[in-house]
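**Student:** Residue-level listing of the chains:
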Amino acid sequence: MKRNVWKVVAVILVFCLIFALANRLLQPKYMETLVEGAMLSQYYDEAGGHDVIFIGDCEVYANFTPMELYRQAGITAYVRGSSQQLIWQSYYVLKETFRYETPKAVVLNVNAMRYDTPVSEEFHRLTIDQMRWSQEKVGIIQSSMTEEESFWSYVFPILRYHARFDELTGEDFRWFFREQDITWNGHLINQSVKPVGDLPAMRDLPSYAFGDICYEYLDKIRLLCEEKGTELILIKAPSVYPYWYDAYDAQMENYAQKHGVTFYNLLDHAEEMGIDYQTDTYDAGLHLNLAGATKLSRWFADLLAENHNIPDHRQDPEVSAEYNAMLTAYDEAVKGAS
Amino acid sequence: MKRYLVLLLALLSALLCACTHTDVDTIEFTRAATEPAEVPNTTEATLEAAVETPLVFLYEGVELIPGQPFDPSLLPEPQSTFTVPSCALEGTDNVYSYGNLEITAFNDGTGEFIYSVYLLDDSLFTPEGLKIGHTQAQVIALYGNAFQDNGGEYLYTRGDVILSLLFQDGTVTAIEYLLGTVNV
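The listed protein sequences derive, respectively, from chains A and B.
If you count the first sequence from 1, position 142 lands on 142 in this note's numbering, and the numbers rise without skipping.
If you count the second sequence from 1, position 160 lands on 160 in this note's numbering, and the numbers rise without skipping.
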């Protein structure tokens, strides 16, 4: 009898192992293609010691390079950005970040305030799939999931990705057991150049009011920062498209004034930063390339230091040793990629 | 022991092959190619039975229907083309500008398909005779009462195509044909 029980246990364990391996194999690895899917997970090995955390969509991970924030003003920062990160996702990403550290400031890109419904299930998989399991991951799934989706497909990715069985590539096997660093403190380097040309017409919209759900989560972000003693800084990154309507800007100005937070529309300061939209963007103005991100980050570093008292760590032996080593590697990587 | 293993392996295979939910590849979401469109919730509106005439825009003799394949070579050379890549996803959306019209096309990997047709000025008429500058009364006379009123926006839905009409002070200010999904 006892022998039979052990046999059953052994069989179940073998099944669980095969099931776990199948889950891992079929889940996209995001290490060579669609690397944006690995961005949030890169944080866990580097968590802690950051005075500034950037939160938001691709406008933050493309436009801000923490290496230049440090080089310019000794600021330690990390970008927790992901593709099409919606405002409710930003809340849970921030809440999760507070489990690991309490920064002096959180910089939130408000571009996502224009989206009050999910844009695409594929996009929120890029944000959610690689997050570590926590209460925040449960929250982000529940807040992002559409009616057609199943929570269990997030618990067991095999339920979502089983169709990849005949689409597996070498990437799935090469990165089965390991990961590689693809970002520099959350920044994804892109040195291509595609200048801004003729943009599509600025369209009239049926309504310019941000959705209630967006304000609800913006409030949650603000209150969470208050609870933690962290300053919240709202920004609109200097991406020229999709259009940031005056009505959007007015809403954020009003919100900032009402709640005593700072809002910077960085589009208004692009010239001051020295951004040239003929050379500093890799996709005709949607995102800055590395040259543009460098200019923006250095300008923003000075602003953070002067207006928000973010400390300069360049004289701190431990921090400077770590960051100087990172800068050396970063500069080599930039040189190698150009 | 062998029996149990075989049974459990069969169960794993079943899990690999079958889904308890709709395969996400067949899930249709409203695609936000450039600006996300508000999709009408027909369960909330009081719609009369929609006229079955499909919503089609005719430009330079070419029928433009959201959701249908788009061949730019059938039209005159656009004044400009703007490529909107996804933040990360493969594929791009192209916005073709023809001066008085913009066509946004998405590529699903098999080819380009029309996502939206946006009229830019009052030089163009819909096949039904509507143009920018017409009144709400003229809209209803041409398209009927089977629309959803989104407070300043009328949405006519026929099949997968939505005709979006924006008004200001009772006058049409924007006309757009969109690919959309309808929640019932």
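For the record, the hints were derived by calculation from the structure and aren't laboratory data.
Incorrect hints may have been included.
[As the list claims (entries may be wrong)] A few chain B residues that face chain A, going by a derived Cβ cut-off under 10 Å, partial list only:
(1) Gln79
(2) Phe82
(3) Glu102
(4) Leu120
(5) Ser123
(6) Phe125
(7) Thr126
(8) Pro127
(9) Leu130
(10) Leu166
(11) Gln168
(12) Thr173
[Claimed, not checked] Restraint ranges, calculated between C-beta atoms of paired labels, are given here:
(13) Gln315(A) with Thr173(B): 21 to 29 Å
(14) Val155(A) with Thr173(B): 30 to 38 Å
(15) Ser320(A) with Thr173(B): 52 to 60 Å
Please read all numbers here as calculations on a predicted model, not as lab measurements.
Glycine residues also receive a C-beta, built at the ideal position from the N, C-alpha and C atoms.
**Student:** Does each hint hold? Answer for all of them.
**Tutor:** These are the hints, each one checked on the structure:
1. Gln79: It holds, given that the least Cβ distance between glutamine 79(B) and chain A is near 7 Å, below 10 Å.
2. Phe82: 5 Å, holds
3. Glu102: It holds, given that the least Cβ distance between glutamate 102(B) and chain A is near 6 Å, below 10 Å.
4. Leu120: 6 Å, holds
5. Ser123: 14 Å, violated
6. Phe125: Hint on phenylalanine 125(B): violated, closest Cβ of chain A at ~19 Å, above 10 Å.
7. Thr126: 17 Å, violated
8. Pro127: Check failed: Cβ of proline 127(B) comes no nearer than 22 Å to chain A, outside 10 Å.
9. Leu130: It is violated, given that the least Cβ distance between leucine 130(B) and chain A is near 16 Å, above 10 Å.
10. Leu166: 5 Å, holds
11. Gln168: For glutamine 168(B), the interface hint holds, since the closest Cβ of chain A sits about 8 Å away, which is under 10 Å.
12. Thr173: 6 Å, holds
13. Gln315(A) with Thr173(B): 21 to 29 Å: The hinted range 21 to 29 Å is violated for glutamine 315(A) and threonine 173(B), with Cβ atoms some 59 Å apart.
14. Val155(A) with Thr173(B): 30 to 38 Å: 48 Å, violated
15. Ser320(A) with Thr173(B): 52 to 60 Å: 58 Å, holds
Checked against the numbered hints given earlier, this structure breaks hints 5, 6, 7, 8, 9, 13, 14; the rest are met.
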